[in-house]
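J.: Just so you know, the protein sequences line up as chains X and L, in that order.
If you're matching positions, the first sequence starts at 1 in full-length UniProt numbering and goes up one per residue.
If you're matching positions, the second sequence starts at 1 in full-length UniProt numbering and goes up one per residue.
Where hints are given, some of them may not hold.
The list treats identical chains as interchangeable, and a pair is accepted whether it falls inside one copy or across any two copies.
Computed cross-link-like contacts, BS3-like style, restricted to lysine-lysine with a CA-CA straight-line distance of at most 27 Å [unchecked claim]:
#1 Lys-111 with Lys-21
#2 Lys-141 with Lys-111
#3 Lys-185 with Lys-111
#4 Lys-111 with Lys-9
#5 Lys-185 with Lys-141
#6 Lys-82 with Lys-101
#7 Lys-160 with Lys-141
Hints in this document: simulated from the structure, not taken from any laboratory.
There are 2 protein chains.
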Amino acid sequence: MKLLEERIKQDGRVIGTEVLKVDNFLNHQVDPALMEAMGQEFARLFKDEKIDRILTVESSGIAPAVFTALALNVPMVFARKKQSLTLTDDNYVADVYSFTKQETNHIIVDKRFIQAGERILLIDDFLANGQAVQGMLEIAKAAQAEVVGAGIVIEKTFQKGRALLNEQGLKVESLARIQAFEDGKVIFAEA
Amino acid sequence: MKLLEERIKQDGRVIGTEVLKVDNFLNHQVDPALMEAMGQEFARLFKDEKIDRILTVESSGIAPAVFTALALNVPMVFARKKQSLTLTDDNYVADVYSFTKQETNHIIVDKRFIQAGERILLIDDFLANGQAVQGMLEIAKAAQAEVVGAGIVIEKTFQKGRALLNEQGLKVESLARIQAFEDGKVIFAEA
Chain X
1 MKLLEERIKQ DGRVIGTEVL KVDNFLNHQV DPALMEAMGQ EFARLFKDEK IDRILTVESS
61 GIAPAVFTAL ALNVPMVFAR KKQSLTLTDD NYVADVYSFT KQETNHIIVD KRFIQAGERI
121 LLIDDFLANG QAVQGMLEIA KAAQAEVVGA GIVIEKTFQK GRALLNEQGL KVESLARIQA
181 FEDGKVIFAE A
Chain L
1 MKLLEERIKQ DGRVIGTEVL KVDNFLNHQV DPALMEAMGQ EFARLFKDEK IDRILTVESS
61 GIAPAVFTAL ALNVPMVFAR KKQSLTLTDD NYVADVYSFT KQETNHIIVD KRFIQAGERI
121 LLIDDFLANG QAVQGMLEIA KAAQAEVVGA GIVIEKTFQK GRALLNEQGL KVESLARIQA
181 FEDGKVIFAE A
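Next comes chain X alone, as it looks inside the complex (with noise of 0.2 Å):
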């Protein structure tokens, strides 16, 4: 998406060879036009999907995923993170592992809010190593629902999460695909 791309060059900040600061338009300050148009493209890129529901995790992935909810016409819930919790019947529960802050986090989702036979689209703010989209996976899975895909605003192609879904034979569509950062500048994977 070349406005995505766009923004990323003007406003991101690299550090070192693997992180990339994009909290002026997109996980601390927010701009709400671009996330409305990047909701858009994901529901074009989903549309054929017949969705019922999108899933996503707090808090950065709210803004893409409820304009794309909007989008498509359906709810979106965002599963919570939690470090320590009482486990109930009431939530479908998965653990996340976190690479850059080294901690392990439950996701959380109430059962009323996915259900058996269910089309679901996760989107999500980074695909890195893929253990947020791993870990609302498990949760879908564990309420018999069908992930139709994952939309991702900003993918990492040199690490591993896009190889981990493909082998489960998901469907990601990523807007922004980064294959590496050289110099502190941004190298885009080719379309």
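Assemble the complex: chain X is given as a structure, and chain L must be docked to it using the hints.
T.: Frame of chain X; chain L shown alone:
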């Protein structure tokens, strides 16, 4: 806001005399069309205030705030909530005590995203004891920004938040005002 009151009557779950669960359309599952309508209503209510930026707190404030930001054509910033933190010079920090959870969290905003002299609109999902709004006010004050008002999705008028904010001369606009819960039903305050 009639649309929101109807939705609370239909889908809100009253628990005891103080708690309203709206997790099926606002703070776990999210109705995107309702969020868009609420954002447009907040924009209408504050249209003459020359707003530069929207400030909210993750996670439940994000959806209403991003649609308000879209309608007003300004950026939105969500404060990060953390239980523990490493203090740095890069962030504004305020403490927010949760009466429900009986714990104190810190809310954090990067200093780049709130500037001296700016006109800020606060958005939040609930006004009960006013602690989250109070925390955002402290951050704006530290940044020497001016808070022109607070847009609240659901206000519980029987708790002390409104009085706390009125004392400070803050303009507060709530889309639904709840005066009491009686026999599991929601009693709205007169307009």
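J.: Are the hints correct? Go through all of them and say.
T.: We went through each hint and held it up to the structure:
no.: 1; hint: Lys-111 with Lys-21; verdict: between (34 Å within a copy, 15 Å between copies)
no.: 2; hint: Lys-141 with Lys-111; verdict: within (12 Å within a copy, 41 Å between copies)
no.: 3; hint: Lys-185 with Lys-111; verdict: between (43 Å within a copy, 24 Å between copies)
no.: 4; hint: Lys-111 with Lys-9; verdict: between (40 Å within a copy, 22 Å between copies)
no.: 5; hint: Lys-185 with Lys-141; verdict: neither (39 Å within a copy, 36 Å between copies)
no.: 6; hint: Lys-82 with Lys-101; verdict: both (14 Å within a copy, 14 Å between copies)
no.: 7; hint: Lys-160 with Lys-141; verdict: within (22 Å within a copy, 44 Å between copies)
Figure legend: structure checked against the earlier numbered hints; the only hint not met is number 5.
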